[in-house]
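**Student:** For the record, the sequence lines run as chains A and B. For reference, each letter of the first sequence is one residue, going 11 to 103 in the working numbering. For reference, each letter of the second sequence is one residue, going 72 to 590 in the working numbering.
It is worth saying that the hints were derived from the structure and are not from the lab. All figures in this text were calculated on a predicted structure; none of them were measured in a lab. Check before you lean on any hint, since a few could be wrong.
As the list claims (entries may be wrong) - Below, computed lysine to aspartate or glutamate pairings styled on EDC-like, alpha-carbon distance capped at 16 Å:
{"no.": "1", "chain 1": "A", "residue 1": "K51", "chain 2": "B", "residue 2": "D336"}
{"no.": "2", "chain 1": "A", "residue 1": "K99", "chain 2": "B", "residue 2": "E571"}
{"no.": "3", "chain 1": "B", "residue 1": "K466", "chain 2": "B", "residue 2": "D150"}
{"no.": "4", "chain 1": "A", "residue 1": "K99", "chain 2": "B", "residue 2": "E573"}
{"no.": "5", "chain 1": "A", "residue 1": "K99", "chain 2": "B", "residue 2": "D336"}
{"no.": "6", "chain 1": "A", "residue 1": "K51", "chain 2": "B", "residue 2": "D150"}
{"no.": "7", "chain 1": "A", "residue 1": "K99", "chain 2": "B", "residue 2": "E442"}
{"no.": "8", "chain 1": "A", "residue 1": "K99", "chain 2": "A", "residue 2": "D13"}
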Amino acid sequence: MTDQRETLARLAAAQWRLALILTAAMMVIYFGFILLVAFAKPLLGRLLLPGLSLGTLLGALVIVAAWALIWIYVRWANGHYDRTVATLKARRP
Amino acid sequence: MSTSLGEPNLVAILFFLLFVAVTLGITWWAARRTHSTEHFYAAGRSVTGLQNGLALAGDYMSAASFLGIAGLVSLSGFDGLIYSIGFLVGWPIVMFLIAEPLRNLGRYTFADVVAYRMRQAPVRIAAAVGTLAVVAFYLIAQMVGAGNLIRLLFGLSYETAVLLVGLVMLAYVLFGGMIATTWVQVVKAVLLLGGALMLALLVLARFRGNPLSLFAAAAERYGTQVLAPGQLVSDPWDALSLGLALMFGTAGLPHILMRFYTVPDARTARTSVSYATAFIGFFYLLTFVLGFGAMVVVGPDAIKAVDKGGNMAAPLLAEAVGGTGFLGFIAAVAFATILAVVAGLTLSGAAALSHDLWVNVVRGARASQREQLRVARIATVLLGALSILLGIAFKGQNVAYMVGLAFAIAASANFPALVLSVFWRRFTTRGAQASMLVGTLSALALIYLSPTIQVSILGRESALFPLRNPGLVTIPLAFLVGIATSLQAPERDAFERFAEVEQRLHLGPELAPEDAAAG
């Protein structure tokens with residue numbers, strides 16, 4: 011029982027840590043973008059290719075980053091997390 | 072450019088009637104399956120991950136995101152894209168902090184989760200205040216938007232349009248509950264994504280399939296500054312505050328949160344957020360093409376001639392690249408978009424009134440299924456009538472700020488209490504209550520004192536509070552008040568029952584025999 015409680019506590023801590031890191035990452039990326047929009051307008055207006063400004067590219071990349079962070083979380087949750095939850099459930103009376 | 076917009080469009084009317092006929096058919100089918108609150112609020116918890124992902128997208132993507140953002144980009148270029156991005160970044164937060172705990176800890180409303188280990192009445196009353204405030208402002212924005220849009224699209228009078236939206240939505244929710252609402256949202260999401268994709272492809276066909284050629288054409292005609300940040304974000308504090316509200320507001324919108332109860336388990340809740348984020352992100356990427364497409368193909372002057380706010384950019388673009396028939400289709404999609412969002416909002420408001428206030432506060436969680444279902448339906452009718460009245464009362468008012476306000480209240484009233492109740496052992500009843508009430512009231516007060524109301528609406532010279540959106544102040548404030556109040560007077564019961572919360576949060580409700588007590 012104590013062993014199970016420890017496993018659950020460890021799992022809860024790991025989930026919380028990952029959730030916080032990923033949330034912080036999303037905030038840094040999004041607010042970084044917003045601060046660039048506020049303070050580096052000429053830089054974001056620079057054209058990398060005809061029609062493609064740095065701002066448009068970074069904007070699209072924020073959306074791609076949101077997908078990527080979700081992908082990281084789902085990979086961890088569908089793998090390690092769900093396996094541990096399944097073991098915990100199976101070991102209960 | 073001449074347009075047939077605003078004249079009765081046969082294709083639009085046919086598509087609209089077809090949509091209403093199909094969705095009412097679904098409602099009739101759903102009504103025969105709605106026998107209990109489990110069906111009415113949570114669609115029998117049988118929705119799949121893909122279905123719920125589409126329904127979440129349908130619940131979230133309002134007419135404002137489709138017509139508003141396309142219009143904003145068509146008039147001001149890059150600046151409009153900032154909104155596209157802001158509306159997406161809340162979804163990872165929903166995934167990391169909210170979706171799975173909600174599914175495992177609650178039954179019908181987010182208050183179930185906050186109140187889980189607390190004293191029921193104070194928490195549920197405070198949660199209902201926050202929920203109803205969000206729902207009311209969001210509904211007003213949608214109804215006024217509906218009235219204006221449908222007048223422009225179909226040539227109906229404003230009042231007729233509001234009444235029509237209210238009555239059809241009421242039919243969905245009243246008879247078909249969450250099952251009908253889910254399917255209306257799924258159908259709408261498919262139509263909206265399909266319509267936007269078709270429109271984007273028709274535009275890109277004129278630019279050799281290359282979005283960069285389209286952007287380059289826009290820069291060539293209107294100057295490269297349309298691809299660079301302009302005046303929209305002039306004050307970084309303002310931008311930060313709006314960004315915070317959008318990011319954490321998504322994770323506190325009651326109609327979005329409620330959707331996580333419709334899936335069978337936490338893993339499906341997780342899958343549904345992945346699908347929703349994929350669809351919504353894809354849609355917002357399409358708005359880049361739609362907005363610049365309208366700028367180049369239709370032109371800002373022609374767009375402004377029809378509607379100063381630019382809301383008709385996407386329909387005008389549809390007419391320009393696809394003819395009157397395609398305009399009719401896009402107009403019908405815009406109508407369907409509004410119906411699906413107001414149905415979700417009304418259902419979540421009805422759940423707060425009946426499940427939180429009536430069943431759990433007034434009746435002390437002792438009400439029969441029959442009574443619960445009856446009260447839920449009475450609450451639905453009340454909210455439906457209220458939304459029609461509010462829609463008509465706010466005719467001609469500038470309500471654009473109300474969506475921002477709804478996000479600010481959701482982010483300050485609901486999100487902090489939800490996160491603290493799930494992840495912080497020392498959180499107490501008083502803390503939850505204080506956090507939710509202070510979050511709601513401070514957001515309301517600061518919006519009233521902000522330039523949004525004082526300068527733009529009341530026409531004063533200056534405002535007492537400098538920020539247009541209060542999120543930067545009210546979200547940290549709600550967290551601080553919740554934490555300080557809890558630390559000041561510890562609550563033993565809530566502290567000790569956290570172990571149960573933690574267990575149920577990860578292992579799911581089926582292993583917790585105390586399940587019945589939570590309802």
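**Student:** Each hint should be assessed against the structure and marked as holding or not.
**Tutor:** Hint-by-hint comparison with the structure:
The suggested pairing of K51 of chain A with D336 of chain B is violated, with an alpha-carbon distance near 46 Å, which exceeds 16 Å. Restraint check: the Cα-Cα separation between K99 of chain A and E571 of chain B comes to about 15 Å, which is no more than 16 Å; the hinted pair holds. Annotation: proposed proximity of K466 of chain B to D150 of chain B is violated, straight-line Cα distance about 28 Å (limit 16 Å). Restraint check for K99 of chain A and E573 of chain B: satisfied, since their Cα atoms lie roughly 14 Å apart, inside the 16 Å limit.
At most 16 Å may separate the alpha-carbon atoms for a hinted pair to count; K99 of chain A and D336 of chain B meet this at roughly 14 Å. Proximity of K51 of chain A to D150 of chain B is assessed by CA-CA distance (about 11 Å); at most 16 Å being required, the pair is judged to hold. Using a Cα cut-off of 16 Å, the hinted pair K99 of chain A and E442 of chain B is violated, with the two alpha carbons roughly 36 Å apart. Taking the CA atoms of K99 of chain A and D13 of chain A, the gap is near 13 Å; set against the 16 Å cutoff, the hint holds.
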